[in-house]
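There are 2 protein chains.
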Amino acid sequence: MTESGIIRGVFAAALTPMTEDLAPDLTAMISHFGWLLDRGCDGLGLLGTTGEANSFSVHERLAIIDAVGASNLPKDRLMIGTGTCAEPDTLQLTRASLAAGINTVLMLPPFYYKGVTDQGLADSFARIIDQVADDDLRVVLYHFPKMTGVPITPRAIELLLRDHPNAVVGLKDSSGELDNMTSLLKSFPGFGVYAGTERYLLPVLRASGPGCISASANVTSTMAAEVFRAFEESESTADDLQERLTAVRQVFDGLPLLAALKEAMISITGRESWRALRLPLTSLDPAQSKQLRNSLDQAGFNLKAGS
Amino acid sequence: MTESGIIRGVFAAALTPMTEDLAPDLTAMISHFGWLLDRGCDGLGLLGTTGEANSFSVHERLAIIDAVGASNLPKDRLMIGTGTCAEPDTLQLTRASLAAGINTVLMLPPFYYKGVTDQGLADSFARIIDQVADDDLRVVLYHFPKMTGVPITPRAIELLLRDHPNAVVGLKDSSGELDNMTSLLKSFPGFGVYAGTERYLLPVLRASGPGCISASANVTSTMAAEVFRAFEESESTADDLQERLTAVRQVFDGLPLLAALKEAMISITGRESWRALRLPLTSLDPAQSKQLRNSLDQAGFNLKAGS
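Residue numbers (the working numbering), protein chains in the order written: chain A, 963 to 1269; chain B, 963 to 1269.
Hints listed in this document are in silico derivations from the structure and should not be mistaken for laboratory results. Hints may contain errors.
The list treats identical chains as interchangeable, and a pair is accepted whether it falls inside one copy or across any two copies.
The calculated lysine-lysine pairs, modelled on DSSO-like cross-linking and capped at a C-alpha distance of 30 Å, are [what the hints assert, rightly or not]:
1. 1252 <-> 1037
2. 1252 <-> 1076
3. 1076 <-> 1108
4. 1148 <-> 1252
5. 1108 <-> 1252
6. 1108 <-> 1148
7. 1037 <-> 1266
8. 1266 <-> 1252
The structure presented is a predicted model; accordingly, all values stated were derived computationally and were not measured.
Produce the entire structure from the sequences given, and follow the hints as far as they go.
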């Protein structure tokens, strides 16, 4: 962990397993989170886009946070998604995360209204931090403009770092734009900009970023962890390892990502229950399943081995 | 009301007044809703985009629904926004609306995930209708692609009308594209496509649509009601009245709409408390306030008279 409380390395944005009636399967969930850490993840992002957080009610999210809090998972390697459209909900979830011993939250902006001002955006985060009023709180901003339509702008980051330099420690950049990641790292030294995909793990590490938080790391974490280790140990293999990792990541492009990842989990675990997704998301159709399997084969990727 | 339960005419998408600490001001709210009906609105859309619904917790929305249910407002002229990102929340709010005596709900699609399938989109609505299982339920779909990023596609409408012809009665089209409105009205005869702006009130009425549901009708309802009456009575003044109405509506373009409408309410009522907006929205700055007042003057619009 860095001075500011940023954890370095590879984070999986963890999937949430569900029961047949589409409730979060808390037992399978804790087990999946432990498995990801065993597979080489340095940390986990829970209840993010990949975790289908926004498809759960606040009540369901609180139950998930409580279950994680009561588990033996290492709390200092977790961050929990708590950002919603409604300030009271974001506040309640953030407080619950701290109460469960997880001090780092991954916070979406309020994402219903578009075209908001930089000040309004910054104040949305600041009001949560002010109301939580806990020095242990660490906020990683969640920049995912294609999904939210509400980009976290450099000006909003500047306002937040000015007023809340201890609480606001980083950003997950799911824009898919490496230029944005490196530009933010340059503009805000010490601010932890994570790549939102393992495709940019090595470039972001080289630009002094802390690592990546990635959906597909549910499947690729073993390979991604190798890239991180090679970088940390200045091994010459880092570029080759990144190239192979990128090729596997690209398999998931052009497929509905969450459905493809859950489909991959069926292959890895043999558990058909991994297919369950909440609407509006839907499972892969047979042609897509076949495409996924063939493409992973072609990339020479063994799902069970994760490499 | 038409056979299918669609109410014709002018709906204001009602603003939600708030207290100083940004809680919904239930007393001022009921009073505002009554005032809008007195000003010529045929109906009201409550807890929509203009009502800042998604900035409230489910608990707060339930309190608003209960307050409306307990009021003397005519329930058959109201529709309530109940669509959220999470199925359990949408279900709870929809049930509460029916329990409060308001059978028509205006339903956003689950709006976090983008690029969803037509089937997944249709099933999102269908699962709510199936679980509510109340023959009195009337659903108006809420199409607002710029805000949600999740358009209600013709194919999803087709699937819903096939399986739930009694429950799915219409759509609020906030795309701003008149062509989409008239095309849907042509494709689905009897399906009530409301214009999402009073700018297209007359064209949509002429294309056999039921009317409009509009944010700016909080301010312009008197004028919009005149257009509707002129159309209903085949008066030759309808086009001129629409032209004047459109000119006033255009004043709000280029200004943050909700902030501008709340600013206008201050002028109408003299109550400064109308300025309160929940983040991420912010009030007009002084230059914007001045622009609003000057432009309304230039359009010859008297705020207090509403004409």
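Right, here's what the structure says about each hint:
1. 1252 <-> 1037: Close neither inside one copy (38 Å) nor across copies (52 Å); limit 30 Å.
2. 1252 <-> 1076: Between copies only: 23 Å across chains, 38 Å inside a chain, cut-off 30 Å.
3. 1076 <-> 1108: Both: 12 Å inside a copy, 8 Å across copies.
4. 1148 <-> 1252: neither (42 Å within a copy, 40 Å between copies)
5. 1108 <-> 1252: Only inside one copy: residue 1108 and residue 1252 sit 27 Å apart there, 34 Å across copies, limit 30 Å.
6. 1108 <-> 1148: Within one copy only: 23 Å inside a chain, 32 Å across chains, cut-off 30 Å.
7. 1037 <-> 1266: within (27 Å within a copy, 58 Å between copies)
8. 1266 <-> 1252: Only inside one copy: residue 1266 and residue 1252 sit 17 Å apart there, 65 Å across copies, limit 30 Å.
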